[in-house]
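One line per chain: the protein sequences are A, B and C, in this order. By our numbering, the letter at position 241 of the first sequence is numbered 241, and the numbering carries on one by one without gaps. If you count the second sequence from 1, you need to add 270 to reach our numbering. If you count the third sequence from 1, you need to add 874 to reach our numbering.
Treat the hints with care, since some could be wrong.
[Unchecked claim] Below are the DSSO-like pairs computed for lysine-lysine, each with C-alpha atoms no more than 30 Å apart in a straight line:
(1) B:K625 to A:K20
(2) C:K1125 to B:K770
(3) B:K855 to C:K876
(4) B:K855 to C:K1125
(5) B:K532 to B:K702
(6) B:K446 to B:K373
(7) C:K1125 to B:K532
(8) C:K1125 to B:K856
(9) B:K856 to C:K876
(10) A:K136 to C:K876
(11) B:K694 to C:K1125
If you're looking for bench data, these hints aren't it; they were derived computationally from the structure. Fair warning: this is a prediction, and the values are worked out from it, not measured in the lab.
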Amino acid sequence: MNVLVILAIIAVMVALRFLKPTIVVWAIAWWFAVFAMANYGIDPPVPTSVTNMFMAIVTIALLAYVTAAEGRMREAGESLVAFFTSKKYFIPLVIMLVAVPLLVAFNVYSSMTTQPAPPAAGRTIHPPPPATVSFKGRTVDLNNDVNPYRHLEDDDSEAFAQHVDNGRRVYYENCVYCHGDNMAGDGHFAHGFNPIPANFQDPTTIAMLQEGYLFWRIAKGGPGLPVESTPWASAMPAWELFLSEEEIWDVILFLYDFTDQRPRAREVHE
Amino acid sequence: MRDPLPQRLGESRYFWGLSRERLAVAGGLLAAAAAVLLLAPIEAFASAPQDAANPAYREFPVVGSRVIMWVTAELHLMFAAFVLAVPMFAVIIEIIGYVSGDKRYDALAYEFTKLLSVSFSFTASLGAMLTFLLVVLYPALTDYLMSIFSWTFFPYVALFFLEAIFLYSYYYGWGKFNPKTHIFLGIMLNLVGTGIMFIADAWLTFMNTPAGISETGELVSLSAAFMNPMWMPINIHRIIANIAFGGSVAAAYAAFQFLGAKTDEERAHYDWMGYIGNFIAIAALLPLPFAGYWLGKEIYAFSQSLGITLMGGTFSWLFIIQAILIGNLFLAANYYLWVSMERIEGAERFRPYIKYLLIVIAGCFLVWATPHSLVASVEEARKMGGAHHPVLGVLGVMSAKNTAVNILILTTFLSFLLYRRGNKAPTVSWAKAGNIAQIAIFVSVVVFVTFLGVYGYFVEASVRIGLSVPQVLSVIFCMIAVTTIDVFMYRNARVTGKIKWGQMSARSQYALFFIALTFAWTMGLMGYVRAGMRQHWHVYGVLEDTSVDAFTPTLGYASNVVSITVLIFFVFIAIVFWLAGLSGKKAWEPAVKAGGEPGEEGAE
Amino acid sequence: MKNAVKIFGFAILVTAFYSYVGQTVPQKITYPPESATLGADMSSAELAEAGETIISGKGTCLGCHTIGSGADPSSLRFPDLGGIGAAAATRVEGQDAVTYLAKALYEPNDFIAEGFLPGMPTINRPPIGLNDDEIKAVIAYLQTLGGEPTVTLVTDLGYTTEVSAAPTPGATAAVGSGLDGPGVFQTYLCGTCHNIDAAGALAGPSLYDVGSRLSNAEIYEAIMDPDATIADGFAGGVMPATLGATGFYTKISSEELRALVNYLSAQTGG
Chain A
1 MNVLVILAII AVMVALRFLK PTIVVWAIAW WFAVFAMANY GIDPPVPTSV TNMFMAIVTI
61 ALLAYVTAAE GRMREAGESL VAFFTSKKYF IPLVIMLVAV PLLVAFNVYS SMTTQPAPPA
121 AGRTIHPPPP ATVSFKGRTV DLNNDVNPYR HLEDDDSEAF AQHVDNGRRV YYENCVYCHG
181 DNMAGDGHFA HGFNPIPANF QDPTTIAMLQ EGYLFWRIAK GGPGLPVEST PWASAMPAWE
241 LFLSEEEIWD VILFLYDFTD QRPRAREVHE
Chain B
271 MRDPLPQRLG ESRYFWGLSR ERLAVAGGLL AAAAAVLLLA PIEAFASAPQ DAANPAYREF
331 PVVGSRVIMW VTAELHLMFA AFVLAVPMFA VIIEIIGYVS GDKRYDALAY EFTKLLSVSF
391 SFTASLGAML TFLLVVLYPA LTDYLMSIFS WTFFPYVALF FLEAIFLYSY YYGWGKFNPK
451 THIFLGIMLN LVGTGIMFIA DAWLTFMNTP AGISETGELV SLSAAFMNPM WMPINIHRII
511 ANIAFGGSVA AAYAAFQFLG AKTDEERAHY DWMGYIGNFI AIAALLPLPF AGYWLGKEIY
571 AFSQSLGITL MGGTFSWLFI IQAILIGNLF LAANYYLWVS MERIEGAERF RPYIKYLLIV
631 IAGCFLVWAT PHSLVASVEE ARKMGGAHHP VLGVLGVMSA KNTAVNILIL TTFLSFLLYR
691 RGNKAPTVSW AKAGNIAQIA IFVSVVVFVT FLGVYGYFVE ASVRIGLSVP QVLSVIFCMI
751 AVTTIDVFMY RNARVTGKIK WGQMSARSQY ALFFIALTFA WTMGLMGYVR AGMRQHWHVY
811 GVLEDTSVDA FTPTLGYASN VVSITVLIFF VFIAIVFWLA GLSGKKAWEP AVKAGGEPGE
871 EGAE
Chain C
875 MKNAVKIFGF AILVTAFYSY VGQTVPQKIT YPPESATLGA DMSSAELAEA GETIISGKGT
935 CLGCHTIGSG ADPSSLRFPD LGGIGAAAAT RVEGQDAVTY LAKALYEPND FIAEGFLPGM
995 PTINRPPIGL NDDEIKAVIA YLQTLGGEPT VTLVTDLGYT TEVSAAPTPG ATAAVGSGLD
1055 GPGVFQTYLC GTCHNIDAAG ALAGPSLYDV GSRLSNAEIY EAIMDPDATI ADGFAGGVMP
1115 ATLGATGFYT KISSEELRAL VNYLSAQTGG
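Bound conformation, chain A alone (with noise of 0.2 Å):
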């Protein structure tokens, strides 16, 4: 969030109230303040696609507001009207035939002569699993296999502790290294990557999913990503070639119980 232009933004809204502008004018300032808000009031700033889907909901309902009630429209459309004929707007309707032109031809050499860049793309974030995947010859199950040390917690927690310590051990021999300190996705290599390494503390990745979701991704890493899934450039190595399965069912455990989260419960079909 950016206060200070924020601060301005509603300033300027307030300003313009003591004039008492025409409905018209009215519309385009807010217009120009939801994209000023969207394009500077927050940091970092809203990517590019999003904007234009926000402006195009401001922009209907902007028009809504304008043509619902039968009063409103007739102010519009009077004072469109006398934009375009009366003498006392030359200069601004000179300024804007002169404008807009322009904005669209700055619009057009700007986009054109960006940098080269790979594509815009939308990555899925979490991919659909398979059903089951193959470790070292055995099958999971990853829709009703449970995490096989996940009851000791429960039943044992000495036990519990010693795996979740395993846990620990593997997560700050092997990944550390792009997960981080305290698993927020900014490791030591993070910056190298696109897209970055998962952030853990963030409750809409581990925290929403379940721990067979997290087996497949650790044993599989990003050359196994479904083709769906592309483009992906994940730098995650697929684990299952360094780790033993006990070794990543204990950093799952480590990895719910240093971030405080609960894995996705089941749910249970009833």
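Starting from the structure of chain A, add chains B and C where the hints point.
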């Protein structure tokens, strides 16, 4: 007729493909189709499988099998939805007319019913076409579905006959029976229609969430296959959505007549009819998101893969499109109410509130349409530190969206409340207290819903999903409580102004078209995802699609197909409107005065 | 009427708008996972497509045959397959195309096209060992060469490969079963492609004088790494594939290999 199937299936279960298509839908429905199947062909099909030259797929020229199947099934579905929905509210309106003794309601119910008979024939014809296409283009799939559902075709056909009998006796018997008998016919018509839909739903939901079959796909339990996990959620979802859709199409019919009306009387009548149709559509729209969540939950419970494909994977962007559609629906519905206030004397006093309502609606709309993972260029993504925007990311998740939807619903409800009060002033002594109570309920429910939404960020996912239930319940409580107070408060209210039916701008009527088009488009899109989420399966996890169309197309492509389907539907429905209007036309007379022909009304 | 046109125009606008919205989200096609399985419900055309893959892959047909090479038949060692779909029906009186092609694959040396030597292996036997379905796919593809495919997987060709039938000796040679040179040569079906007692080349160069052309070391290399040196006029890749398919490389013992090399180096022609 069943013996060859298990055998074939055993040999080939890995191959049978299944197209993602609407086949499923198809599966069903069809009426006339069923009749056709009933006669000779079933025998022929059953013995055919061992035949040598019996391909699993045939190609439809030019557009391909998938598209023709898709469009036909969707058109059939839209007409079926209309035919099933209209009797529901026609009967309710008739009952209102009977109880209140207001003749206008009876006439309105009759006018709705008039649209039915032609639509019924269209539905059956499209159903027949769908079945033929299914049999011709996807014989292997058809065979398999028959091996599962053969015995359900008979009650289906039987119900279809009953449907025809009740429909025509209801329509032609208008005013010719004792009103109670007539209402009974209408209720039977609805029961039978719902039964038909329930059977057809079993066929198509089976393709999404197959149950009651063995490892190799043979039928083990027909009742389990019939009542598969998605069956009841789809039934409920469809009933509600059908009413919404039917209401919006009926409103579009009224708008069409309104724009062409020549007398003030006609204009008043059709204005009113459009208002009622729209009211029905929006009232049914309000509970629809909840039914949708239930449906989604059942799908997720059936298979995590299917659930994630639907909500988080390939189709997550489809739900952004859906959010835009539903947002537009709410906006247009409110817009119509606001414009409608223009014709109510005394409603001017509520006009200043409109802008606040609009701000809330636009705000909720923005939240709802905010994607979870954003489309961002690499540079933008770097600034955000990932595909999740630190601020907007908060809006992209279920908690925020549920809250937004609930507030949207409440806002729309408020718009309606204001509209209702437009020309009335309460006379009861406790009016002030009542008002305060209503406001208190509104405020506390909004606070409660928002609180739950925010609270959802701090609890685990399974609890968060559970939070949508108290949210929904509190919203429903608010609507019921406020309505109850309102009804008593405005009993014997002083009427401060007239409702000038017919004094509506053309804009408002276009808003009704917009709503009907958006409903139809939403239905097309949701139909697509229902069928599409199976991806390369005909019957999910059982019969694989090996046709050339086994891939899932882009959303842009699907949008184009949906658009074309919607346009075709409206051309068809225009024909229905025109036919329904014929009966009201004067008899043809041989001698024509120069210049007196219809169609020249634009000249003056 | 005017209204109807206006409304229809409006409908087109609205649907076009939604179509546009549909284009603005990420566009991704998801393809079903690749599967080599042949489906009973495949049409002949689809079967032919699968057949094309088999012909250049598992079937190794193109190691010997050409398709539409346009060369003078007398310069070819094996028949060109261009136009076979049409020609097949005319080769043997009383046999339609499918019967002819099936016979040509199941009993290849029963009918030899004029001007060619017998030498084609039986396709449903090792080393190529296509199964009946794959052979049908191949026939479907061959039919497309100058004709229309009519074969589907339910077509009865009159041949059945009994999967449980005793496999050919070559396929079951146990590891290090102590064969002598000629025994190895026979067991691993070398004679299918290589002429051992005459000068004429079959699919591969004649070996009747190999002992005078190559040193023991070169023979050894030619067996263990056939593509290291390719004799003029022959294609690479064929021998590793066909010999590999017999299990030669996993089963041959060093004694047997020595015996084979000695046997071959003793072939000095005459």
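Now the hints, each set against the structure:
With a CA separation close to 16 Å, the supplied pair B:K625 and A:K20 stays within the 30 Å bound. Distance restraint check for C:K1125 and B:K770: the Cα-Cα separation of roughly 96 Å exceeds the 30 Å cut-off, and the hinted pair is therefore not satisfied. The hinted pair formed by B:K855 and C:K876 meets the criterion: a straight-line CA distance of about 19 Å does not exceed 30 Å. Restraint check for B:K855 and C:K1125: the C-alpha separation of about 91 Å exceeds 30 Å, so the hint is violated.
Only pairs whose Cα atoms come within 30 Å are accepted, and B:K532 paired with B:K702 is rejected, the gap being roughly 44 Å. A C-alpha spacing of about 15 Å is found between B:K446 and B:K373, which places the hinted pair at or below 30 Å, so the restraint holds. Using a Cα cut-off of 30 Å, the hinted pair C:K1125 and B:K532 is violated, with the two alpha carbons roughly 95 Å apart. For the hint linking C:K1125 to B:K856, the alpha-carbon distance of about 95 Å lies beyond 30 Å, and the restraint is violated.
Between the alpha carbons of B:K856 and C:K876 the distance comes to roughly 21 Å, so the proposed pair stays at or under 30 Å and holds. At roughly 71 Å between alpha-carbon atoms, A:K136 and C:K876 are farther apart than 30 Å, so this suggested pair is violated. Pair hint B:K694 plus C:K1125 does not hold up; C-alpha atoms about 97 Å apart against a cutoff of 30 Å.
Violated hints, listed in ascending order, are 2, 4, 5, 7, 8, 10 and 11; each of the other numbered hints is respected by the structure.
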